[in-house]
Amino acid sequence: MSITVHDVQHVAKLARLHLSPEEEAKLTEQMNAILQYAEKLNELDTENVKPTTHVLQVSNVMRDDVVKESLSQEEALLNAPEDEDGHFKVPAVLE
Amino acid sequence: MSLFQYRLPELHNMLHNKEISVGELTEESLAAIAERDGKVHAFLTLNEEGARASARELDDKLASGAARGLLFGLPAGIKDNIVTKGLRTTCASQFLSNFQPIYDATVVSKLRQADAVTIGKLNMDEFAMGGSNENSSFGPVRNPWDLERVPGGSSGGSAAAVAAGEVLFALGSDTGGSIRQPASYCGVVGLKPTYGLVSRYGLVAFASSLDQIGPITRNVEDSAYVLQAIAGYDAQDSTSAKVDIPDYLSALTGDITGLRIAVPKEYIGEGVDASVRDTVLSALKVLESLGAVWEEVSLPHTEYAVATYYLLSSSEASSNLARFDGVRYGVRADDGGGLLELYHNSRSQGFGAEVKRRIMLGTYALSSGYYDAYYLKAQKVRTLIKQDFDEVFQKYDVVIGPTAPTTAFKLGSQIEDPLTMYLNDILTIPVSLAGIPAVSIPCGFAEGLPVGLQIIGKEFDERTVLRVAHAFEQHTDHHKQLPQL
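Protein chains in written order, with the UniProt record's numbering: chain A, 1 to 95; chain B, 1 to 485.
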């Protein structure tokens, strides 16, 4: 499997990244080298191997549904690049 | 002689006997940074006022005779991906250059409870992605043993600050070797605990199934002290382990008679520098002379670990780093007329090249049609790598080998070739995938540069790992060597 500059453009769109033509070219080359190296895993028969998603045997962790102290609105907005009336402000989503 | 050449319990005694004060220790740290950090560049943000205020409080406490914490008065550096309330935390990324956390990570609260003094925040590869510290948005860290060389990464600032005598200990984080490899390159002690032993709450996530916080120190005893202070279940981290925390200090008996050591042939074979191999073999002789026995074994899936790791960690990273969009925190770029443009522009300007590369790789591996071929396949191979260790640990107490295949390399020598850079982690990555503990300790020098010995243990068996490391250290003086700066 090898990827083209079009694949890179598609993935960049999914990842919400703008890439310059130079970045696209470089990433196509580097991702191909890395993915080609990853092909190595196909040497192994993993038909009957279970995937490891997590090394510790933990299942869903639940807590009691009780009200606790949380961040104030002021704290939550402390790092907001823009805010207004106690909300995060973003450009219009709908025209 | 620098106060930081004393071991932690010695400093405890000196404080207790009023031979030194917390204020003096803090000033020594700040003075060392003022003198040397221009060359090393380990620190991104200093907590000068906060540290002096803590020192005054602790000196009052000392005078009052009140009970003192385990790390009383000791100057600590914290890797800059661990959040500190009100103290800028950047992950060495332009994106977070103005970020002021609104809460403390659990490990930071624990350091405060133990009466440590936070001196500042330490440089790293951006978002912990890299093995050389050249990926910091704010300029690389340099290796105190040779300023033309990298300190390793991603906790390069943490390792360099301890090696340069700027702080007594530091916290780092390890995803595929990011504590152990820089500890190896800088000649200090770096411990990656078992996954889940130390809370990840407040550690900015890179690859959540692998990330783990651990101490970087001058010697093994100090490592045990810091681990004692930071280990433990935390309800704020749903992946933290509900296990009883043993006494790590009492494990340091110096006795390793009858210890069974496995040395994987893959860890001393092709691809490992002869000088590193020879240094490690000499270290094994020391352990043998102390009553341990070692045999060569095989971890047959070692050669698949790097590919497995880069698929899994990049996939997890692409998901974790989706939160950086310029809306709630971080630097917002020009919106160019819409929300989608705001996301695109903020992310494109905020992230550096390596972070973009990993996000791209991970997004690709998780994208429709490729999930089974890459992500699922890698999760299955992860199982095989873990089974390799399980099998060896049925017969042996620890696995030992080098931490890294080479000593520290020169700045700029690998930055254009990501795959070669990734292969530096071949000996640390399998441990991360298996979730087991390992420490890197200084075991000698090759051409004037430190070589690290990696001691790997069973799940939650940090006691054995530390016992072996400590026994070795008692009979050698590599850890007492200091770089000339």
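What the hints contain is simulated information worked out from the structure, not anything from laboratory work. Where hints are given, some of them may not hold.
[What the hints assert, rightly or not] No more than 25 Å apart at the CA atoms, straight line, and that leaves these computed lysine to any residue pairs for SDA-like:
| no. | chain 1 | residue 1 | chain 2 | residue 2 |
| --- | --- | --- | --- | --- |
| 1 | B | K265 | A | K68 |
| 2 | B | K265 | B | Q394 |
| 3 | A | K68 | B | I102 |
| 4 | B | K39 | B | T406 |
| 5 | A | K50 | B | E391 |
| 6 | B | K380 | A | M31 |
- request: Compare the structure with the hints numbered earlier in the document and write down the numbers of the violated ones, lowest to highest.
  value: Number 1 only.
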